[in-house]
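Chemist: Each chain, letter by letter, is given below.
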Amino acid sequence: MKTARISSQKSEDSDSSQAANISAGRTTGALQSLGDRAPNADVRLDAVSVTFMRSNGDRVTAIENVDLTVKTGELLCVIGRSGEGKTTLLNVVAGLVEPSEGRVLVGEREIHGTGADRGVIFQGDAVYPWMRVADNVGFGLRVKGVRRPERERVVDEYLELVGLSHVAKSWPRELSGGMRSRVAVASVFANDPEVLLADEPFGALDYVTRRRLQGVMLDLWQRTGKTILFVTHDVEEALLLATRIIVVGGGHVLDDRPVNLARPRDEEVLASSEAVETRRRLLSYLGLEPGAGSAVGQTNE
Amino acid sequence: MSNAPVRPLSPRRLAGSLISPVALRLEMVVLLAVTWELVAHYAVTRIGTSGEPIFPSLEYLAKDSFLQMSNYWSGGWGAPSPGNGGTQTYLGAVLALASASFASFGRLFAGVGLGFVLGVVLGLAVSASKAARSVLSSPVHFLRMVPFLALAPLFEVWFGKSDIGAIVFIGYGSLVVTFVGIVNAVGLVPAVQLARARTEGATRRQIYRWVILPSIVPAMRATILVIIGLGWTLDVAAEMLGAQSGLGVIMEYALRFAYTGRVILVSFVYLVYAAASFYAVQWLTGWAIRWHPSQAKARRRRRFSVKPALALK
Numbered sequence: 000m001k002t003a004r005i006s007s008q009k010s011e012d013s014d015s016s017q018a019a020n021i022s023a024g025r026t027t028g029a030l031q032s033l034g035d036r037a038p039n040a041d042v043r044l045d046a047v048s049v050t051f052m053r054s055n056g057d058r059v060t061a062i063e064n065v066d067l068t069v070k071t072g073e074l075l076c077v078i079g080r081s082g083e084g085k086t087t088l089l090n091v092v093a094g095l096v097e098p099s100e101g102r103v104l105v106g107e108r109e110i111h112g113t114g115a116d117r118g119v120i121f122q123g124d125a126v127y128p129w130m131r132v133a134d135n136v137g138f139g140l141r142v143k144g145v146r147r148p149e150r151e152r153v154v155d156e157y158l159e160l161v162g163l164s165h166v167a168k169s170w171p172r173e174l175s176g177g178m179r180s181r182v183a184v185a186s187v188f189a190n191d192p193e194v195l196l197a198d199e200p201f202g203a204l205d206y207v208t209r210r211r212l213q214g215v216m217l218d219l220w221q222r223t224g225k226t227i228l229f230v231t232h233d234v235e236e237a238l239l240l241a242t243r244i245i246v247v248g249g250g251h252v253l254d255d256r257p258v259n260l261a262r263p264r265d266e267e268v269l270a271s272s273e274a275v276e277t278r279r280r281l282l283s284y285l286g287l288e289p290g291a292g293s294a295v296g297q298t299n300e
Numbered sequence: 000m001s002n003a004p005v006r007p008l009s010p011r012r013l014a015g016s017l018i019s020p021v022a023l024r025l026e027m028v029v030l031l032a033v034t035w036e037l038v039a040h041y042a043v044t045r046i047g048t049s050g051e052p053i054f055p056s057l058e059y060l061a062k063d064s065f066l067q068m069s070n071y072w073s074g075g076w077g078a079p080s081p082g083n084g085g086t087q088t089y090l091g092a093v094l095a096l097a098s099a100s101f102a103s104f105g106r107l108f109a110g111v112g113l114g115f116v117l118g119v120v121l122g123l124a125v126s127a128s129k130a131a132r133s134v135l136s137s138p139v140h141f142l143r144m145v146p147f148l149a150l151a152p153l154f155e156v157w158f159g160k161s162d163i164g165a166i167v168f169i170g171y172g173s174l175v176v177t178f179v180g181i182v183n184a185v186g187l188v189p190a191v192q193l194a195r196a197r198t199e200g201a202t203r204r205q206i207y208r209w210v211i212l213p214s215i216v217p218a219m220r221a222t223i224l225v226i227i228g229l230g231w232t233l234d235v236a237a238e239m240l241g242a243q244s245g246l247g248v249i250m251e252y253a254l255r256f257a258y259t260g261r262v263i264l265v266s267f268v269y270l271v272y273a274a275a276s277f278y279a280v281q282w283l284t285g286w287a288i289r290w291h292p293s294q295a296k297a298r299r300r301r302r303f304s305v306k307p308a309l310a311l312k
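Quick mapping for you: the protein sequence lines, in order, are chains A and B.
So the first sequence is numbered by numbering that gives the first Met the number 0: it starts at 0 and just counts up by one.
So the second sequence is numbered by numbering that gives the first Met the number 0: it starts at 0 and just counts up by one.
Read the hints as simulated data drawn from the structure, not as lab findings.
Keep in mind that a hint or two might mislead.
Which stretches of chain A does chain B cover? Using the computed rule of at least three CB atoms under 8 Å from a CB of chain B, they are [claimed, not checked]:
#1 88-98
#2 113-119
#3 136-148
What follows is a list of derived Cβ distance ranges for each label pair [to be verified]:
#4 53(A) with 131(B): 50 to 56 Å
#5 164(A) with 283(B): 46 to 52 Å
#6 147(A) with 283(B): 26 to 32 Å
#7 183(B) with 279(A): 29 to 35 Å
A virtual CB, placed ideally from N, CA and C, is assigned to each residue, including glycine.
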């Protein structure tokens, strides 16, 4: 049974010092990538289209003829305006939505339906209120049939990584929104998926909590080397996290650019000319800044 | 023992304690009792055909009507049967009420238990299977529309004057309400919680066991509380129509001879039992939803409501 493994060298810093590091975009502890990373967790979309039928009979094309490859270990941020196909793209990879045309592959395997190889951090609150925090984090392992001692070991490690060891036995109703989001992040990583999909997971949180969780996410990504598709409408979030950013609009990929900024991405890095130019281009796609590029609906140069 | 000094009761603190939630409840009971007495003594003083006041006072209910309950005792346990020439005794009255209550409780719990279990099973089956939905959903929803009490005579015809008939009747009502509650509750399980289970690799069976069932526990509990109340209504109807024992039978005899006091007394006993069973079920099932946000709110409310009462100390 393949179970989640994380670096044995754990972060020793407390929740508050972790927060301080995270707020600067740094990650904590020794960032050892995992040795058991999936040999090929590339995600490939081949000419994928998704068409929905509205209740009045109209057909709506959410994404159209999308070709996209996400390499193993990449942290790809998907940005775009609301209703332009970001979540549909993610749901197709998750298997929650079947493509009307085309196919989706993870590694060499064509996928149909959901599977534990693709974990999702949802936009809404998907923490189970009837399970204590530790049981929530260990849910996926329980589903897989991992025995309790092993499950508890993995859960303890991930709870420590996200700074929630002290609330392991609490009910979710006793946690703040930010803590619940950390539970969701830990749950998905603990299940050790090959690909992690995040659908605006921190969109409803305040700025400080969001920055902390972005740091937690980066830390876990760097430790585990997962392939991540991260949907967001926040350009700053994308610049902070991504190794690559795509812009989705009108059901198409409008722009696809690597982000080669140094890490940790502190204020200085995010104020560099490369970051400024990338930010300007991305904002222009979102219709927030006039200039180069185009608003949604046009293709990239 | 606390050594804290006892503060004198100022007029302001006294006024505050009089409008505390606990005090208000007691004051409402006293107000109701006083109003009842005023109506009995001054507004409705007519004597009915049975020779009893049609609006008896509380004193009449506590003494005369309660004593008359011994008429329904068949004798034994040290209390004679007035029907066989014995005298009316308070012990006989207590035994008559206890015996009738035992019969009524037995029917209630058997009927509600049967209906709840079948309702949950059917509700889950219909929610899980398209085939079951197409076969069962429409007939049960149609039956839901038929007033339960209108079917009581039919059950008497089918089952005769037997306990089985009363239990099946109560079970039928409980089943229909439970079925509708379960089907609705399953339909309201948040899609994101189901999607999470699917993306973590859960099978259909695991989703039912670990996501849907726990998710609908609050709705199941609410359904039990509803059918406990409904069960008492159906119990009264079943016993008044055809049973050989139970509180409803006493009510039926008392109504036949216009013994208003006994009717009111049995109604009061029903009220006490309905309230007691409601709170007992609520208390007993509270642990099952200890995770629910409403439980934290309930605890906060309880703490809040107790504080003003302590101000009297």
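Chemist: Which hints, by number, does the structure contradict?
Modeler: 4, 5, 7
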